[in-house]
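K.L.:
Below are the chains, spelled out letter by letter.
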Amino acid sequence: MALQSLDITRCSATTTPSPSQRQTQEVAKLIDVTKCIGCKACQVACMEWNDTRDAIGTNHGVLDNPMDLTEASWTVMRYSEVETDRGLEWLIRKDGCMHCGNPGCLKACPAPGAIVQYSNGIVDFHEENCIGCGYCITGCPFNIPRLSKKDSKVYKCTLCSDRVAAGLEPACVKTCPTGAIVFGTKEAILHHAEGRIADLKERGYANAGIYNPQGVDGTHVIYVLHHADKPEMYSGLPDNPSIGPMVELWKGAAKPLASLGLAAVGVGAFFHYVTKGPNEVSEEIEKEVEDENKS
Amino acid sequence: MKTNPDTLPRYTAAERVNHWLVAFTFFLMTLSGLVFFQPLYVPLNQLFGGGVWARILHPFFGVAMIVFFGGMYVRFRQLCAMTLTDREWLTHVRDMVNGDDRNMPESGKLNGGQKLLFWLLVACMVLLVLSGIVIWRAYFSFLFPVGLVRFAAVVHAAAGAVMMALIIGHIYLAIWTRESMGAMLYGRVRKAWAKQHHPAWFREMTGGSK
Ligand code: HEM
Ligand code: SF4
Ligand code: SF4
Chain A
2 MALQSLDITR
12 CSATTTPSPS
22 QRQTQEVAKL
32 IDVTKCIGCK
42 ACQVACMEWN
52 DTRDAIGTNH
62 GVLDNPMDLT
72 EASWTVMRYS
82 EVETDRGLEW
92 LIRKDGCMHC
102 GNPGCLKACP
112 APGAIVQYSN
122 GIVDFHEENC
132 IGCGYCITGC
142 PFNIPRLSKK
152 DSKVYKCTLC
162 SDRVAAGLEP
172 ACVKTCPTGA
182 IVFGTKEAIL
192 HHAEGRIADL
202 KERGYANAGI
212 YNPQGVDGTH
222 VIYVLHHADK
232 PEMYSGLPDN
242 PSIGPMVELW
252 KGAAKPLASL
262 GLAAVGVGAF
272 FHYVTKGPNE
282 VSEEIEKEVE
292 DENKS
Chain B
21 MKTNPDTLPR
31 YTAAERVNHW
41 LVAFTFFLMT
51 LSGLVFFQPL
61 YVPLNQLFGG
71 GVWARILHPF
81 FGVAMIVFFG
91 GMYVRFRQLC
101 AMTLTDREWL
111 THVRDMVNGD
121 DRNMPESGKL
131 NGGQKLLFWL
141 LVACMVLLVL
151 SGIVIWRAYF
161 SFLFPVGLVR
171 FAAVVHAAAG
181 AVMMALIIGH
191 IYLAIWTRES
201 MGAMLYGRVR
211 KAWAKQHHPA
221 WFREMTGGSK
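Protein chains in written order, with my numbering: chain A, 2 to 296; chain B, 21 to 230.
Calculated directly from the structure, the hints in this document are not laboratory data.
No residue lacks a Cβ here, since even glycine has one placed at the ideal position from N, Cα and C.
A portion of the hints provided could be inaccurate.
Using 20 Å as the maximum straight-line C-alpha spacing, the simulated SDA-like pairs for lysine to any residue come out as follows [said to hold, decoys possible]:
1) K288/A - W221/B
2) K41/A - L64/A
3) K150/A - A185/B
Short derived list, chain B residues pointing at chain A, Cβ under 7 Å [said to hold, decoys possible]:
4) Q58
5) V62
6) L64
7) F68
8) R75
9) F171
10) K215
11) Q216
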């Protein structure tokens, strides 16, 4: 989707600025886990709007279906039963791309323009530029991108960038029957979330909170959790996600420095030749060997 | 072809072919690997038919590399065993770089620097192969936890960069040391060349004179 080509803040494997004249408003999608009933209407809406059809899988005896994100299932509901101080709780989380403020996928991607971040915050894959290396999978702190076996391209939630560009809300938001998914400017959404937290606290969820992790500069998909102190309980939502030191090292200043180092070795070698001259056989030895041959 | 009596045999045809197979494969690997290294090198993908082809081909070049480099390792590992003289040679390497080889310990068929290069390349190759398999997304990465894949990506990029630096050095030294290229191209070197650069080997080959 390149409809917002004038509004790109980050572009994979690109070191010069992308078209960024316009600053659009930052958007966010709020997933209020406390209101979700796990009906999967959003999963269906996602497949309908994006025209993806996953292969029919097998029944694992649990509600999760499909069991994991795939190249055709960009969002899945994850169900977990956990014991808390309130007894047995059934926690349901809609999983999918978090549209990170500082996306690890984009940082890791070696293909120019395969991953972009619009100025509204949406992180989008442009499959036509994707080379299928899977570095984005390595870079993502949330284990989101999926490599298709069919075309060796990666796919994930687009936050309906096409709909948003046309002023519509994402398909999942449109369809959610309980109002658990809300879409708007990030500012408005955070404000709305605060209201929800206050409400939850009042109803006894002392640890209710917003999941908008600062380790990735916040996300454009944020959760309202009843147990924000233990996000892992929600099918392994990472507690303090960040791009991490390994990926920073792999994609950071070390690379240009290595390039400079290589250039220095080459240039250094050239000047060694210029200053010291070639390493030739000395006259002396030429003569010695000549004499030996004669004798 | 008549051989010149003023020359000594240095590398067999099999050794030379193996060396150049490794060299060609190395260039294919480097040029295709750099495509993923940094945006600067992305245009190199045109040599392989685009980024997707570079991504597909690079690890398969790696498989060829394992075979060729493996052959090289078997052929040269004994020759490259470090001796005390080699270690001594390495402590004097500064003189050598300054173009003054009068005080260098006498090197055999290969000098300490060449042997060190060999072992460093072996180390890089082992790291590249192991890490390369872990980051080979199409077939293997799903077998490993993501933390290991991240680590392997760093190792692969670092070992690749070190190996490129070593090879730039290797190529330069082959140019700097006049006539040494001939050894790897035609297999023979002049006796005077041998006496100059590898005196112990020269003696061995010519029956101990002097
Ligand atoms: C010998 C076995 C090797 C294997 C199996 C292998 C495999 C890989 C794989 C899978 C990648 C990720 C990109 C892709 O999907 O193609 C990669 C990247 C790369 N390879 Fe190799 N490779 C090998 C050897 C080498 C060698 C000899 C070099 C040259 C020095 C090299 C240089 C690179 C570089 C520079 C990258 C980019 C690294 C990065 O920035 O992440 N590789 N390799
Ligand atoms: S969740 Fe993963 S795929 Fe989505 S923007 Fe963040 S790093 Fe990229
Ligand atoms: S798989 Fe595609 S999108 Fe992901 S890092 Fe590689 S080129 Fe970029």
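K.L.:
Work down the list of hints and note, for each, if the structure agrees.
P.N.:
Verification of the hints:
no.	hint	verdict
1	K288/A - W221/B	holds (19 Å)
2	K41/A - L64/A	holds (10 Å)
3	K150/A - A185/B	violated (36 Å)
4	Q58	holds (5 Å)
5	V62	holds (6 Å)
6	L64	violated (12 Å)
7	F68	violated (11 Å)
8	R75	holds (5 Å)
9	F171	holds (6 Å)
10	K215	holds (5 Å)
11	Q216	holds (4 Å)
Figure legend: structure checked against the earlier numbered hints; hints not met, in rising order: 3, 6, 7.
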